[in-house]
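Residue numbers (our numbering), protein chains in the order written: chain A, 1 to 84; chain B, 1 to 395; chain C, 1 to 206.
Watch out, some of these pointers could steer you wrong.
[To be verified] With a straight-line Cα cutoff of 25 Å, these simulated DSS-like cross-link-like pairs (lysine-lysine) come out:
1) K63/A - K360/B
2) K53/A - K100/C
3) K42/B - K58/A
[What the hints assert, rightly or not] Listing some non-contacts, in silico: residues in chain C with all C-beta distances to chain A over 10 Å:
4) S2
5) T24
6) E28
7) E38
8) S42
9) L43
10) F105
11) S109
12) K126
13) T140
14) A143
Honestly, the hints are just simulated from the structure, not real lab data.
Here a beta-carbon is modelled for each residue, glycine too, at the ideal position from N, C-alpha and C.
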Amino acid sequence: MENLIENLKKQIIEQLNLAEVKPEDIDPSAPLFGEGLGLDSIDALELIVLLEKNYGLKIQEPKDAKNIFQSVKTLAEYITSQKK
Amino acid sequence: MVFVTGIGIISAIGKNVSETLSSLLESRTGIGKINHLQTIHKDNYVAGEVNYSLQELENLAGLKNSNYNRTTLLSLLATQEALISAEIKDISTHRTGFISASSVGGMCHSELLYKDFLERKPHKNFIDTHYTGSHATDVAKHFGIIDYVTTISTACSSAANAIMLGARLINNNILDRVVVGGTDALCKFTFNGFNTLMILDKEWCKPFDNNRKGLNLGEGAAYLVLESERVVKAENKKPLAILSGYGNANDAFHQTASSPDGQGAYAAIQKALEVANLSPIKIDYINAHGTGTANNDSSEAAALQNIFKENIPPFSSTKAFTGHTLAAAASIEAVISILSIQQKTIFPNLNCVTHMQDTKLFPVTSLQKNAELNHVLSNSFGFGGNCSSLIFSKN
Amino acid sequence: MSTHILSYTKIKNNGLWHNGKLITQGAEPVTYTSFLEEAYKSLNLSYPKFFKMDALSKLGVLCAEQILADENISRFQKEKTAIVLSNKNSSLQTDIAYSKTMSGFPSPSLFVYTLPNIVTGEISIKHKITGENAFFIEPTFNADLLYNYTELLLQVSDAALCGWLNVDEKTCEGFLYFIGKQTANDEKKINFIKHNPNNITQLYIN
Chain A
1 MENLIENLKK QIIEQLNLAE VKPEDIDPSA PLFGEGLGLD SIDALELIVL
51 LEKNYGLKIQ EPKDAKNIFQ SVKTLAEYIT SQKK
Chain B
1 MVFVTGIGII SAIGKNVSET LSSLLESRTG IGKINHLQTI HKDNYVAGEV
51 NYSLQELENL AGLKNSNYNR TTLLSLLATQ EALISAEIKD ISTHRTGFIS
101 ASSVGGMCHS ELLYKDFLER KPHKNFIDTH YTGSHATDVA KHFGIIDYVT
151 TISTACSSAA NAIMLGARLI NNNILDRVVV GGTDALCKFT FNGFNTLMIL
201 DKEWCKPFDN NRKGLNLGEG AAYLVLESER VVKAENKKPL AILSGYGNAN
251 DAFHQTASSP DGQGAYAAIQ KALEVANLSP IKIDYINAHG TGTANNDSSE
301 AAALQNIFKE NIPPFSSTKA FTGHTLAAAA SIEAVISILS IQQKTIFPNL
351 NCVTHMQDTK LFPVTSLQKN AELNHVLSNS FGFGGNCSSL IFSKN
Chain C
1 MSTHILSYTK IKNNGLWHNG KLITQGAEPV TYTSFLEEAY KSLNLSYPKF
51 FKMDALSKLG VLCAEQILAD ENISRFQKEK TAIVLSNKNS SLQTDIAYSK
101 TMSGFPSPSL FVYTLPNIVT GEISIKHKIT GENAFFIEPT FNADLLYNYT
151 ELLLQVSDAA LCGWLNVDEK TCEGFLYFIG KQTANDEKKI NFIKHNPNNI
201 TQLYIN
């Protein structure tokens, strides 16, 4: 799980062009949207692309993504749960 | 004062004004299966496609081997009808301009040919027509319009901005007459793009419905001929309508989403009312932007609520007829607004059944005849926060 | 009341100038994309959204920054400030970048920038400018068009940020200038450049 979280941080930084952010700056439990990294609706769409591109997981409705994208941790938990 | 003396239109609901009016009066949508555009999304989505192939459009225009792309042909056909409708026999009699809008430009052609281009000899017409301004140059040249030609590209409000600029040029005695509007053809690039933003509805769109899922793309072109009071008097014309108000403002919120309280929309409508010297209560009908996305319809409803307060005029989105025609939308809907004034009829907001939860607003959902429409407001809000509103008044 | 050019910036050949003075220059040979990011850092902008933008928006935001921070323009209300921009290539470079993603995983964040006027949106968002805006597509820089259009606009606006932002495969070119209605009092104090097509062109080519 920790490996996945570390990989996710790097992938998120790359996919979302967060040029001034380093992986160690991201708290896995901190909110991704609103406060925390302050991501917006377009970033959410890019995360949906990331999930499909890197993990083969497809999200059909953007509103389903709200809980999954709460934090890096919830994202990692979702990916792990889908692998079973 | 700026008068509308001619109109021309081509879209999924008809190749000219007469067919468009029939479709509107019969509540007949143009949204359906995609027949001409070769996209991977063909079988999964619906769109407001103009029901003619490229060759058929050329035939309609009376041309042969023109090398005009789809965007240009749509523009040419609508411009042709507008000029005939305005009874212009000699375009050089007065200082005349052509201001056209497009977002697609020649992309509809380039995306089909660029692979060939990379491998074989260059295809001259394909290179030349990719540039967004080439359709305006080609169409202006075709009709001999030389005094002022430019292209505006501000996403979904483009054609409204073209109309606004035309009005200002006439009001400031820089031009006597100007053909204004916009054109956009369906293309794979746009389809793919809107799909990645997840704002397309796979089924028929439901503007202002609580269960709306997104927009349907459309294509088409429409133009207005605007003329000064002096020209109208000199040529004894009977104008179709008056362009009495216009306004533009930036929402300054997000690149593609509208602010929750519709600030930009509010400001644009406010400015249009000021130019028209009208209080909100004077508006008899609103042709809304109403794309069918969760975001736009809520945002626009909030803006309407803030401007009109308790007295919201009847409103409808006609995008469930034509689809969202992007840079052509504002001019297509301007023509529809003018038809509603002429016909004393409010065209319905098709496919809207359930009230939006967050507002009391509900559009007109069936054809309303015998409506005395003196002033009609038409809204068009584009990506980049570019919000425009136009007001047409009965002559 | 007359209109004057109160402030202007240029980005050309990996250099950024404000009112004719060089602000920062990229070390050769650096791509323009690198230069734009270097310029951002040297201006200490602190605006993370910058890195999500495409080259056209980065170009516009950088050119606008110095102008909008200029004390000579701070008195103009943002609701009455227009933005009038133009270029030849529309959003071509980003169109190309986006189209490359179409065969695999189309990128929503790239698609957002496949319209030329998104840059007016980005400038408006950053500086909360809510006046009118327009974007013209012209084959070359057209001072007459910009001058005539803004003269009309100034009947209802007080000021406008205008210019040309064009991005090519290997180069980018930015020229923005701010025009505002001057009072007779202001004219006596400082020598501003009078707003006319000839002066606009001179600033553009020099």
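*So which hints don't hold here, by number, going up?*
Structure breaks hints 10 and 11.
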